[in-house]
Amino acid sequence: MTKLLIVDDSKFSQKITRSFLDRYLDDVTFDFADDGQAGLEKFDAWHPDYIIVDLLMPKLRGQDMIKQVKLSDPDARVIVLSADVQHHVREEVESLGVLTFVNKPLDDKKARELGTLIGKSSRG
Amino acid sequence: MADKLNSSDIMTELFNIGVGQAANTLSDIIGKRIDLSIPNVSILNPEKGKHVLDQYLAQVAEGTVMVSSISFDQQLEGRVSLLFPADKMHQFIALCLHETWDEEAVTKEFTDIDYDTIREIGNIVINSMIGELSNAVSIPVKYTLPEIDVLDHACADHFVVFGDSQLVLIMYLDFDIEGTEIAGAIVINMALNSLEEILDQINKLYNGV
Chain A
1 MTKLLIVDDS KFSQKITRSF LDRYLDDVTF DFADDGQAGL EKFDAWHPDY
51 IIVDLLMPKL RGQDMIKQVK LSDPDARVIV LSADVQHHVR EEVESLGVLT
101 FVNKPLDDKK ARELGTLIGK SSRG
Chain B
1 MADKLNSSDI MTELFNIGVG QAANTLSDII GKRIDLSIPN VSILNPEKGK
51 HVLDQYLAQV AEGTVMVSSI SFDQQLEGRV SLLFPADKMH QFIALCLHET
101 WDEEAVTKEF TDIDYDTIRE IGNIVINSMI GELSNAVSIP VKYTLPEIDV
151 LDHACADHFV VFGDSQLVLI MYLDFDIEGT EIAGAIVINM ALNSLEEILD
201 QINKLYNGV
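Protein chains in written order, with the UniProt record's numbering: chain A, 1 to 124; chain B, 1 to 209.
One or more of the hints may lead you astray.
[As the list claims (entries may be wrong)] Going by beta-carbon spacing under 8 Å, a handful of chain B positions derived as facing chain A: (1) Met89; (2) Gln91; (3) Phe110; (4) Asp116; (5) Asn123; (6) Gly131.
[Stated by the list, open to error] With a cut-off of at most 27 Å between alpha-carbon atoms, the simulated DSSO-like pairs for lysine-lysine come out as follows: (7) A:Lys3 x A:Lys15; (8) A:Lys59 x B:Lys88; (9) A:Lys11 x B:Lys32; (10) A:Lys15 x B:Lys32.
[Claimed, not checked] Derived Cβ-Cβ restraints for the label pairs, each shown as a range: (11) B:His51 x A:Ser95: 33 to 39 Å; (12) A:Gly119 x B:Lys142: 34 to 40 Å; (13) B:Glu109 x A:Pro74: 44 to 50 Å; (14) A:His88 x B:Asn45: 27 to 33 Å.
It should be emphasised that the hints constitute simulated quantities derived from the structure, not laboratory data. Using N, Cα and C, we set each Cβ at its ideal position, and we do this for glycine too.
Looking at chain A on its own, in the form it has when it is part of the complex (with noise of 0.2 Å):
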């Protein structure tokens, strides 16, 4: 069973999220936290496999969660999904050593995507 943490602070979010990964991900199970702390929070008690996180969230940026999540574990797979098209912000998050950074919204074929790196990099 895959474990996989969505934080998004709009539920509209989670649930195209959720909705388009079920396509592409056999044996999985999915969480929700609706900012970067309680994503934090969330990430510490359940220990996901994956983390979906957002950008632009109240309490606690997803730059700013990925950071503390980073600390806490290193190996940490981290997947970026926002709305932030700036190639700046891009650069500084991928820089923190998440997995990828897709552009929202979620549609077939990044999920299609998704679900195959997920797959291949699954903790084996």
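Fit chain B to the supplied structure of chain A, relying on the hints for placement.
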């Protein structure tokens, strides 16, 4: 480029990149084709901006609008507001959620899910527009959290600060989603020096073009 075109022409070109991207994004979310008019950007002083915006609100939106807005700062400072006539939003939200829209069953009230949906759609659209502008001129911006509101009897004062150092950029955005026509508007309240910085950067990047 900046030497040969006026400010409105340049901003129209820059924003149309983002608007095109935003239309693609909306189309992806809804799963339907979106026909979008290509907007011209009007750059207005505060007094003129107030007059034009009040006209739009009175005529098109009939005073009740759903507003999704984000502020941005760092090198560029301003606030973007997406204005949609509230009476079209229930149908638009149903399209976004891939739900069947039943005009008879709809109340005038918006639910938390409705607000959340429009807040996120606004976030994605505004990020497309301002982010592509930021990329085009290589000037970074930092966003605040998106906000959403429904305003009865909305007037221009709700959206813009009418200081001497402020400008109002207005784009009318008419789009058609399989027969559903929505006449929205994008209002950007931008610091005058931010516009000057964008135009200076265009001159540097495309000097003589």
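Hints, verified against the model:
| no. | hint | result |
| --- | --- | --- |
| 1 | Met89 | violated (14 Å) |
| 2 | Gln91 | violated (16 Å) |
| 3 | Phe110 | violated (13 Å) |
| 4 | Asp116 | holds (5 Å) |
| 5 | Asn123 | holds (5 Å) |
| 6 | Gly131 | holds (4 Å) |
| 7 | A:Lys3 x A:Lys15 | holds (16 Å) |
| 8 | A:Lys59 x B:Lys88 | violated (33 Å) |
| 9 | A:Lys11 x B:Lys32 | holds (22 Å) |
| 10 | A:Lys15 x B:Lys32 | holds (19 Å) |
| 11 | B:His51 x A:Ser95: 33 to 39 Å | violated (47 Å) |
| 12 | A:Gly119 x B:Lys142: 34 to 40 Å | holds (35 Å) |
| 13 | B:Glu109 x A:Pro74: 44 to 50 Å | holds (48 Å) |
| 14 | A:His88 x B:Asn45: 27 to 33 Å | holds (32 Å) |
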